[in-house]
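Work out the full structure: start from the sequences and follow the hints.
The sequence shown begins at 3 in the working numbering and counts up by one.
No wet-lab data here; the hints were simulated from the structure. All the given hints hold, so there is nothing to weed out.
Below are the DMTMM-like pairs computed for lysine to aspartate or glutamate, each with C-alpha atoms no more than 25 Å apart in a straight line:
1) K300 with D200
2) K300 with E234
3) K228 with D100
In this text, all values refer to a predicted model and were calculated from it rather than measured experimentally.
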Amino acid sequence: MARTERGAPLAPLTTMRVGGPADTLVTAATAPEVVAAVRAADEAGTPLLLLSGGSNLVIADAGFTGTVVRIATTGITVEVVDEATVEVTVAAGEVWDDVVARAVAEGWSGIEALSGIPGLTGATPVQNVGAYGQEVAQTITRVLVWDREEYRQLTFTAAECDFTYRHSVFKETGRYVVLEVTFRLGRDGLSAPIAYADLAAHLGVEQGERVPLAEARDAVLAQRRKRGMVLEADDHDTWSCGSFFTNPILPTEQMEALVARAAERLGPDGPVPPVFPAGEGHAKTSAAWLIDKAGFAKGYAMPGPAALSTKHTLAVTNRGEARARDVAALAREVRDGVRAAFGVTLVNEPVFIGHTL
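See the structure below:
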């Protein structure tokens, strides 16, 4: 039976470790318990917050007035599709990095570059989690959800998930509650082609080459630790939501304007913003580059209470005593500073609950 608590603190359940209490916290350990708790809140007209691993939330200092349903479901089933592939169905409450670790140990390829990402599996399709040239959209085959409007379970195919960069149909609305996710993974024990230059350099291979899965995972974890992106309780650089802003995708004309503005600000022989293809008529650039060149270096605002990570400009961190308002104030300062410097408005990746950026 689901466990219900009144006035439970929420900060310890998030990686940023800020936020006030919940009126009601329900911890649901099975899919039927999740559905029952969600239905009860919806039928009572009570505001509802779904809490997964808490790695993508900045909860207001006042807390959450309503019901928080904490997803704690477990279970992994494996079906051999053919000699080359398996389908792995994972409960929403399984710790994501544990799933990746098992895949690597079993020789299943396709998610190894997503090692070290905090949170639970059910959150991965919501924002199409990705890193180092991989994203879950490349391997997800279906997602089982609870439809809060039609009061029934639905299965979305990968195409129906409408995956784009850090986005999906599930992120557009709170209508769907993810219950389980199915991935199709390779069986040859080798990584997907290494797509990220720093990762390839660390491994001593060319981009596009494949390496044993364990080597790929170790390299990814090393890269993430170097940037303070692997959770460690004693390291305040990891008291964060990871990358706080998404990399901007801009129309070609706006990208050209950004390059010109950077040259004006930094000099014609100065550094230029990195530009990557992002579909017809669009290009992507680096939020970290924009933040740094706008004057917000690693460790900006130290000693805090909120400051940029000393290892990576893209992470807003809690130095130990921060409140949600401190996090929001620093993120706002960075966002507004980048806009003033380069004319680009950064979009926050974490979701703000009970307040806005």
